[in-house]
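Protein sequences, first through last, are from chains H and D. Going by UniProt numbering, the first sequence wraps up at 738, each residue one higher than the last. Going by UniProt numbering, the second sequence wraps up at 159, each residue one higher than the last.
In short, the hints are calculated from the structure, not lab data. The structure displayed is predicted, hence computed values, not measured ones. There may be inaccurate statements among the hints.
Pairs of lysine-lysine residues, derived as BS3-like cross-links and limited to a Cα-Cα distance of at most 30 Å, are as follows [as the list claims (entries may be wrong)]:
#	chain 1	residue 1	chain 2	residue 2
1	D	K3	H	K108
2	H	K407	H	K393
3	H	K303	H	K382
4	H	K494	H	K240
5	D	K3	H	K60
6	H	K393	H	K421
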Amino acid sequence: MSEAKDYKYVGTRRVRPDGYDKVTGRANYGADLTLPGMIWGRILRSPHAHAKIKGINTSKAEAHPGVSAVVTFQDFPEKSQGSPLAQNILANEKALYHGHAIAAVAAKTVQIAEEALGLIEVDYEVLTPVMDLDTAMADGATLINENLKTVGLPEPATEASNIAARQELKIGDIDAGFAEADVILEREYSTPTVHQGYIEPHACTVRYDENGQSMVWCCTQGHFDVRASTANLLGMELGKLKVVASEIGGGFGGKTTIYLEPVALMLSKKSGNPVKIVMDRDEVFKASGPGAATKSWIKIGAKKDGTFTAMQAKMAFEAGAFPGSPVGPGTMTVFAPYDVANAKVEGFDVLVNKPKVAAYRAPGAPQAEFASEMLINELAEKLGMDMIDIRLKNAAREGTQALYGPKFREIGFIECLEQCKASEHYQNAVAEGNGRGVGAGFWFNIGGVSSAVIHMNPDGTATLLEGSPDIGGSRASMQSMAAEELGIAPERIKPIVADTEMVAHNDTTGGSRTTFATGMAVIEAAQDVVRQFKERAASTWNVTPEQVEWADGVARNTAGDGEMTCQEICASAGRTGGQITGRGNINARGAGPSFSVHIADVAVDKDTGKVDVVRYTASQDAGRAIHPSYVEGQIQGGSVQGIGWALNEEYIYSDDGLLENPGFLDYRIPLASDLPMIDPIVVEVPNPFHPYGVRGVGEANIIPPLATVATAVGNAIGRPMPDLPCSPPRVLKAIQEG
Amino acid sequence: MAKVHVSTSVNGEPTEFLCEPHDTLLDVLRNELNMTGTKEGCGSGDCGACSVTVNDRLVCSCLVLGAEAEGKEIGTVEGIGNNDSLHVIQEKFLEHAALQCGICTPGLIVSTKALLEENPSPTEEEARYYLAGNLCRCTGYDKIIRAVMDAAESMRGAA
Chain H
1 MSEAKDYKYV GTRRVRPDGY DKVTGRANYG ADLTLPGMIW GRILRSPHAH
51 AKIKGINTSK AEAHPGVSAV VTFQDFPEKS QGSPLAQNIL ANEKALYHGH
101 AIAAVAAKTV QIAEEALGLI EVDYEVLTPV MDLDTAMADG ATLINENLKT
151 VGLPEPATEA SNIAARQELK IGDIDAGFAE ADVILEREYS TPTVHQGYIE
201 PHACTVRYDE NGQSMVWCCT QGHFDVRAST ANLLGMELGK LKVVASEIGG
251 GFGGKTTIYL EPVALMLSKK SGNPVKIVMD RDEVFKASGP GAATKSWIKI
301 GAKKDGTFTA MQAKMAFEAG AFPGSPVGPG TMTVFAPYDV ANAKVEGFDV
351 LVNKPKVAAY RAPGAPQAEF ASEMLINELA EKLGMDMIDI RLKNAAREGT
401 QALYGPKFRE IGFIECLEQC KASEHYQNAV AEGNGRGVGA GFWFNIGGVS
451 SAVIHMNPDG TATLLEGSPD IGGSRASMQS MAAEELGIAP ERIKPIVADT
501 EMVAHNDTTG GSRTTFATGM AVIEAAQDVV RQFKERAAST WNVTPEQVEW
551 ADGVARNTAG DGEMTCQEIC ASAGRTGGQI TGRGNINARG AGPSFSVHIA
601 DVAVDKDTGK VDVVRYTASQ DAGRAIHPSY VEGQIQGGSV QGIGWALNEE
651 YIYSDDGLLE NPGFLDYRIP LASDLPMIDP IVVEVPNPFH PYGVRGVGEA
701 NIIPPLATVA TAVGNAIGRP MPDLPCSPPR VLKAIQEG
Chain D
1 MAKVHVSTSV NGEPTEFLCE PHDTLLDVLR NELNMTGTKE GCGSGDCGAC
51 SVTVNDRLVC SCLVLGAEAE GKEIGTVEGI GNNDSLHVIQ EKFLEHAALQ
101 CGICTPGLIV STKALLEENP SPTEEEARYY LAGNLCRCTG YDKIIRAVMD
151 AAESMRGAA
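Pulled out of the complex, with its shape left as it was, chain H reads as follows (with noise of 0.2 Å):
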């Protein structure tokens, strides 16, 4: 796969197939559907942070004219009422945070409807919030949960705890590597709470058919995982439940989960009618899956010439209300990047009253890798060492073992060092009284399940339903890649996200898979079309498959005279054995991790804090870009994500555990005014598991905008900024302590 191969439509910047709909405003999304008889849902949230639910009494709001259903916890069926997934839809005997939805009202109007939620009667017994880290793993802490005790401890666990994991990876010998080191720097660092910030709220419309087949309409990530975790909280069978993706308007993990669904069909169920539930905008901040917060202590030693002897890291993640924040894969990337010999990294996944963590972009490495790069920084700035220079000298590299487990194939982390070493932007000193960063990111990527199925038409085009939900424009991707292996126009091409009855099985959207592994379904699903054309055109010129070649959409006899077009096969397969359809349906396995290298130089006003990014370098490993306009899009995408998590996005609660900016005006994402130009450097070392070498893109973007910026700001003030995000009034205290 090292060798550059000439594609006609792979490489090639083209239109998007769902382009059209979406600059005309006809493509719809999660809120769009309305059906005959439809009513509409609302939910009552908790009001406070924590609290045992004494009793509900919802007669009154049954009562209320207009309403149809109101259903709580007690409406799951007996034997889902142990998942903590419906406890989490539904709180069941606590509140778990501020917004932790409580019941649900299905009504003829939304007026209505929160009309009755304001007549259910909530009596609660309000509890200690317990808010942080630090309070949550103190001794003697407030239990969110009575009945969890920590899994991975060398002993285990006797009492209950709020910490519910612990885990370690360790390779080599850390007490060795740190002795060998003539410079070891050890820190603290801290990231806050921040919502993904997909722009389309959680939404969807459902039918619910006790004899024939339910509908889900919403916006996800993975229909096929909606109809999974759904039909097993309701004790549905698979086919009985059909899940329909509409166009999501953004998700970056964050609609990876359930919240609304199994609430909107038992509605549907109770009432009779279709139900539409669209969240608010604070019910979105509120209550979906936020991006964990963390605290990490790392440390590091090293040669006087730079290599690292000892990478050590101790980290707590935010679970949540439950179980299960991304300190995992923060574990397995911290120090992924690097080659070392001694390394030790510990974990821990805590409770606390906030809403469960859901994934966002690469989830846990942002947070992992902030703190990592961030004293591999001050360790360059110790050594005098230039910021990419250290990195080179210790860079992962085919053969380096991780360590995480394996050993890395062809990989691209040089490359993007290097090409950023040597862009203008580095290549030039940072403007007098600015500051520079330099920060790097690694992601896994993923493969898994996926399926396609390319039907043929008469006239030649063809319509290839996938299964993964387009959320950066992979339908453009598949197409691409289809009309590759076809031979034919890419408009010719009609790509479409089919629903849970229309393909088999798709893993959910995410890991950066899509593009991968959904992508070599569509190939295989071509190539089993390309088989066909063979066989057909072969039996019309009674010759062996094996004599027809396939180049350009068109079949040639090679043992005598003869060409058929798609356009000819098609038309007449009716007669030559029925019509062509192909089929792919794969594992994908070999998802070549993707690297990244970013360099971003701001100003900081002195006066306010308040920082701007000048200039901004973002360069990325995508194996082989498809469409290089949207691998460049993912790029720019993720470092501006990165850029106002290291700025200005954060969860700011009260003392009571309440959340005080659920809101666009006060949880501030970057604006097209904050910005500059993000200067993409699309790296191509091609995956050799991929046909034509793709690396999932969507990603390790994401990860280097951190410290990459956070270095700057503290090269610009001159103080280190540990704790993010670096808002003004953060910057501004820096400074006068400084």
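Start from chain H and add chain D according to the hints.
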């Protein structure tokens, strides 16, 4: 409370509807007129996904009451172009890959059109500040700004 009868014009079409006094223009467009091209991202005027024009003035339709549309001319994304004849702004958004998920796109198309009608030759900084009320979480704005600047140039050339 009785519903309000409103006579207005939407994308040049005379339109009548009944709405509750508290219904926003966004609610009316989406739920009464079935025009779902205008999106709701926040309901508080912070994200710009619901951008429309009222008598050529760019507004967030979540902050305007349906009843206020009486006698006004409303412009939405559905009036800007269609698949057969895209507006140049729409063409440039496609050409520059200035959208990913696309939920902010209708609002950005409406806002960009308003920008270029007010200021046919914006600087990059002017474009960035004019569009600061339209949040996009996918693109990092780079390709959006390039599309807007290119659309401005094309429109100046055509004028």
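Verification of the supplied hints:
1. D/K3 <-> H/K108: 15 Å, holds
2. H/K407 <-> H/K393: 18 Å, holds
3. H/K303 <-> H/K382: 12 Å, holds
4. H/K494 <-> H/K240: 28 Å, holds
5. D/K3 <-> H/K60: Since the Cα atoms of D/K3 and H/K60 sit roughly 26 Å apart, the hinted pair holds (cutoff 30 Å).
6. H/K393 <-> H/K421: Between H/K393 and H/K421 the Cα gap is close to 13 Å, so the pair holds against 30 Å.
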